[in-house]
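Working from the sequences, and respecting the hints, build out all of it.
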Amino acid sequence: MEISFVRIDDRLIHGQVATVWAKVSKCNKIFVCSDEVANDKLRKSLLLQVSPPGIKAYVMPIEKAIGAYKNPKYNDFKTLFLTTNPADVLRLIEGGVDIKSVNVGGMCFKEGKTQISAAVSVGHDDIKAFKKLHELGIELELRQVARDPKVDLMSKIAKI
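The letter at position 3 of the sequence shown is residue 3 when you use the UniProt record's numbering, and the numbering goes up by one with no holes.
These are calculated hints, taken from the structure and not from any lab test. Source: prediction; values computed, not measured. Hints are supplied without guarantee of correctness; some may be wrong.
Said to hold, decoys possible - The calculated lysine to aspartate or glutamate pairs, modelled on EDC-like cross-linking and capped at a C-alpha distance of 20 Å, are: (1) 131 x 141; (2) 100 x 111; (3) 70 x 98; (4) 128 x 94; (5) 56 x 2; (6) 26 x 76; (7) 100 x 152; (8) 150 x 139; (9) 23 x 76; (10) 159 x 141.
Said to hold, decoys possible - Ranges between beta-carbon positions, derived for each pair: (11) 54 x 111: 38 to 48 Å; (12) 112 x 72: 20 to 30 Å; (13) 158 x 118: 12 to 22 Å; (14) 155 x 43: 30 to 40 Å; (15) 125 x 72: 28 to 38 Å; (16) 100 x 50: 23 to 33 Å.
Where a beta carbon is used, it is the ideal one built from N, C-alpha and C, also for glycine.
What follows is the structure, encoded as structure tokens:
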């Protein structure tokens, strides 16, 4: 399986992902990787319905995504991986998914989180996971839309 793009966006499949990121990444599949979302029948059903035309979407728990990545029967997949948080990306990598770069596009503000860009807010657990990803040499770029310049996420976290 070829990884065409990895994005953290708590909205998962939405207009920007469906119309821009799917085209820019030249993916033919979308993997929504989240234990929580995979177990929410309504949210899962809605996400599968909004996949862009011609691109098959799957919503699955992290362990299943790792298994699919390692399965040679999916070698023709060019996959856009979507998660809601950095801890899930870390789990994918620790499970053997060869991720080199992560786009951070949307993490909504909630109590206990600090806003580091117009669309990204991070909490203690997020920062811990991002630091671990950074230690592993993973590129962490902050960019809401494809036409925006890449911003180093760690430079924003360092200011907190």
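Results of checking the hints against the structure:
{"no.": "1", "hint": "131 x 141", "verdict": "13 Å, holds"}
{"no.": "2", "hint": "100 x 111", "verdict": "31 Å, violated"}
{"no.": "3", "hint": "70 x 98", "verdict": "10 Å, holds"}
{"no.": "4", "hint": "128 x 94", "verdict": "15 Å, holds"}
{"no.": "5", "hint": "56 x 2", "verdict": "15 Å, holds"}
{"no.": "6", "hint": "26 x 76", "verdict": "13 Å, holds"}
{"no.": "7", "hint": "100 x 152", "verdict": "14 Å, holds"}
{"no.": "8", "hint": "150 x 139", "verdict": "11 Å, holds"}
{"no.": "9", "hint": "23 x 76", "verdict": "17 Å, holds"}
{"no.": "10", "hint": "159 x 141", "verdict": "16 Å, holds"}
{"no.": "11", "hint": "54 x 111: 38 to 48 Å", "verdict": "40 Å, holds"}
{"no.": "12", "hint": "112 x 72: 20 to 30 Å", "verdict": "43 Å, violated"}
{"no.": "13", "hint": "158 x 118: 12 to 22 Å", "verdict": "18 Å, holds"}
{"no.": "14", "hint": "155 x 43: 30 to 40 Å", "verdict": "33 Å, holds"}
{"no.": "15", "hint": "125 x 72: 28 to 38 Å", "verdict": "34 Å, holds"}
{"no.": "16", "hint": "100 x 50: 23 to 33 Å", "verdict": "27 Å, holds"}
Violated hints for the displayed structure, listed by number in ascending order: 2, 12.
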